Amino acid sequence: MSHNITMVEAVNLALKRAMRNSEDVVVLGEDVGPNGGVFRATVDLRDEFGPRRVLDTPLAETMIAGLCIGMAAQGLKPVAEIQFMGFIFPTLEQIICHAARLRNRTRGRLSCPMVLRAPFGGGIHAPEHHSESTEALLAHIPGLRVVIPSSPARAYGLLLAAIECPDPVIFLEPKRIYRASKQTVEDNGIPLPLDTCFTLREGSDITLISWGAMITETLQAADQLADQGVSSEVIDVASVSPLDSETLLSSVQKTGRCVIIHEAPRSGGVGAEISAILAEKGLLALQAPIARVTGYDTVMPYYRLEQHYLPNTQDIIETVQQTLAFS
Amino acid sequence: MERTFQGEIYLTRYLDSQGTLVQPLPDNPQLAEQLQSCYRNMILARALDTKAIALQRTGQMGTYASMLGAEAIDVTIGLCMQLDDVLVPYYRNHASQHIRGAAMEDLLLYWGGDERGNANPAMNQDFPNCVPIATQALHACGVASAMKIRGEKRCALTVCGDGGTSKGDFMEALNIAGAWQLPVVFVVNNNQWAISVPRAIQCGAPTLAQKAFSAGIRGEQVDGNDAIAMHEVLSRALDRAREGKGPTLIEALSYRLSDHTTADDATRYRDNEELKTAWEREPIKRLQTFLHQQGWWDEAQEKAWHSEVARMVQGAVERYLNTTAQPVEAMFDHLYEEMPASVQEQRDWAQVKAMKGGSHHES
Ligand SMILES: Cc1ncc(C[n+]2csc(CCOP(=O)(O)OP(=O)(O)O)c2C)c(N)n1
Ligand SMILES: [Mg+2]
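As given, the protein sequences belong to chains A and B, one line each in that order.
Using my numbering, the letters of the first sequence map in sequence onto residues 1 to 327.
Using my numbering, the letters of the second sequence map in sequence onto residues 1001 to 1363.
Chain A extracted, bound-state conformation:
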C-alpha cells in the first residue's frame, strides 16, 4: 500500500511494518507508549502491539542502552528511542564498551543487533540540548553503524534496514524535516541498503555531499546553481559510518570539484573524514580544494542565534562559486 506521508510518519510506518513482520521486534524508551513519543514517531504502536512489545521505560538512558544489549544478545530486536540526541551521551559507555564490540570480543559468539533512534539537529527553536548534531562522535566508534535519512522514503527504507541489520545501528532523524514535506512511500517492507550513498541529482560541474536536514538546502542550492548554468551532483551520504567512499570518489572523479555540507561543527566533523578520503584516493582528479560549509566550532547557541549558526542555501551557493572559480 502506498502512503503520502511525512518523514516522522514514515518512521512510524517502518516501525509498524517491522513489528508486524517479526515478533522479536520490541520498541522501548521514554514516552513511546500511550503518548506515542514526543514527536509521535511511535504513535499507535502501543495499541496495535501491546505493552509487552512497546515499553515505556523509567527515565534512564544508560539503562535503555544496556537493556537493549541484553535483549539483542537474546535474539530480540530492540528498537529504542532516545528522546533527543542531546540525551544519548549516557548511553555511550554501553554503546562503545559493549554494543559496538560484543561481536568482536566474543569472536562472533554473541552479537548486538539493536537500533537506537534519536531525533537531532537544530532549526526548530527548541530549548538547550535539543538542537545539536553530534553524529561525528558516533561515527568515530568502530563496530557501529550510523544512519541518517533525509526523506520520508529513505526514512522508511533505511529504518527497516537498520532493524534487519545484524549489527548495532544508531538511527538519527533530522527533526527539522520531520514534517517539512510529504512523499509517497510504498509500504512494501523493502529495506534500502546501508552500505551506499544515494545520488539524488546527477551533475557534471561539482559534487555536493551532505546528509540529513541539510540535504534540503543542498538541493535548493543545486536548483539555483542550475539557473546559473552550474550542473551539480548531489549525494546524500545517508550512512555516515561506515562510509561508502566508492560513490563519493567516483562522483568527484567525474566532476573534479566538491563541497561538503553539514550542520555539525566543522572541526572533526564527518566532512573532515570524507575530505580526507577524497584527498587520499582522488587527489589527482581534484581541480580545486575540497570546501566545507558547516556549523561553527561553538556550543549550539540557544535558539535566538541558531539561524546564525545553521548553514544556509546562500552559504552553499557562494562556496560552490568560489570552488568553481578556483583554477
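Hints are computed from structural coordinates only; laboratory data are not their basis.
If you're wondering where the values come from, they're calculated on a predicted model, not measured in any experiment.
Take the hints with a grain of salt, since some may be wrong.
Computed from the model, here is a short list of chain B residues facing chain A with C-beta under 8 Å [claimed, not checked]:
id, residue
1, G1062
2, I1201
3, C1203
4, R1268
5, S1342
All residues carry an ideal CB built from backbone N, CA and C; glycine is no exception.
Given chain A, work out where chain B with the ligands should sit, using these hints.
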C-alpha cells in the same frame, strides 16, 4: 534470623487540602510573617507562569516548562535557603531562582532562547537551569564537597523530578552524599508525571524517599502542596546540612497541573478526572484559606498584592521584550577564557555573514 535493617518513611503535613490544620503549628515565632511571604511569592510565581505561557503561545518566547502546582515547593526552597547556600536547580525552579536573585526578565530570557538569562551576577554561585535530567544532582554533591573540604557552614540544595530519580546520576549522588556525609539537600518534586510516564512506571518502591535508605541518608516525604510543611521540612534539612549533620532526601508530593511543557499536550495521556481532583489539592488556595482564617491576610491585602504582582510581571515582560538582540559573535565570545585562533577565524566569518548576509564558510 536477625533484622539487620529497618526503615520508615514519614510524611509531614500541616494543612489539608481545605486549608484546615491537621496538627499543631510548628513552634516558630516568625511563622505568620514567613507564611505571608510564601503566599505573596506563590501568587507572583503563578502570575509569572501564566504570563510566560501566554508569551510562548503568542510566539514571543520559546518552549516553556510551567511550574503550575509546584509553587509551594519552589517558593519555600527560595525562602528557606540562605543566600550563600548554592541552588543547583533543574528546569522548573523559576520561583526559587527569582527569590534568590534572578530577575523575572532573566527567566524569560532563558526560555526565550538567550544565554544572558543565565548571566545575571545576582545569581551568585547558583547553577543555571539543568536540562539533562538528574545530572545536576552530582554537581550539588561537588559543591557540597567543596564546602565540606573548606569547613564552611553552607550547603547545596538540588532539585529534580520523580522521573529524575530513575537515573544513575541521581542514585550516584545520593550514594556519595551518604558516603561522605555531604552538606546537601535533595528535593524531589514528585509531580506524579515524567512527561507522559506516570510515577508508578519509574520504580517499584512505594516511595521515592526510601531511596535514601540505600545511601544511608535521611529520607522523608512532605506534602508539597502545603507551604507550612514544606517550609518546616526544608528548614530542618538545610540546618542539618549546614551543621554537618548529614544530607537529606525530601520527596515533595505534588501534581503537575500543567502540560509537561508548552510543547506537550497532556490530554493525550492523562485522565481529566485525575487533573480535576489534583486541582482540589493545589497549594495556593489552601494557604490562602488558612491565612484568612488566622487573620494573617485579608481581602484588602489580597487585592493590593494582585495589582502589585500584575505591575511587576508586566514590567519584567516589557524589559524582556525590549532586550536588544545578542550580536552574532556572542556565540563565540564565552567559549574559552582566551579565544583560540581557529575560533577567532570563524567568529570573523560569522560577523561578515551577519553584516552582508553572505557566506562565512570559506577563508
Ligand atoms: C537525560 C535526559 N533524558 C530525557 C530528557 C527529556 N525529558 C525532559 S523532561 C523529561 C521528564 C522529566 O520528568 P520528571 O523528572 O518527573 O520532572 P518533571 O518535568 O515532571 O518536573 C524528559 C524525559 C532529558 N531532558 N534529559
Ligand atoms: Mg515529574
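- Query: Any of the earlier hints contradicted here, and which numbers?
  - Reply: none
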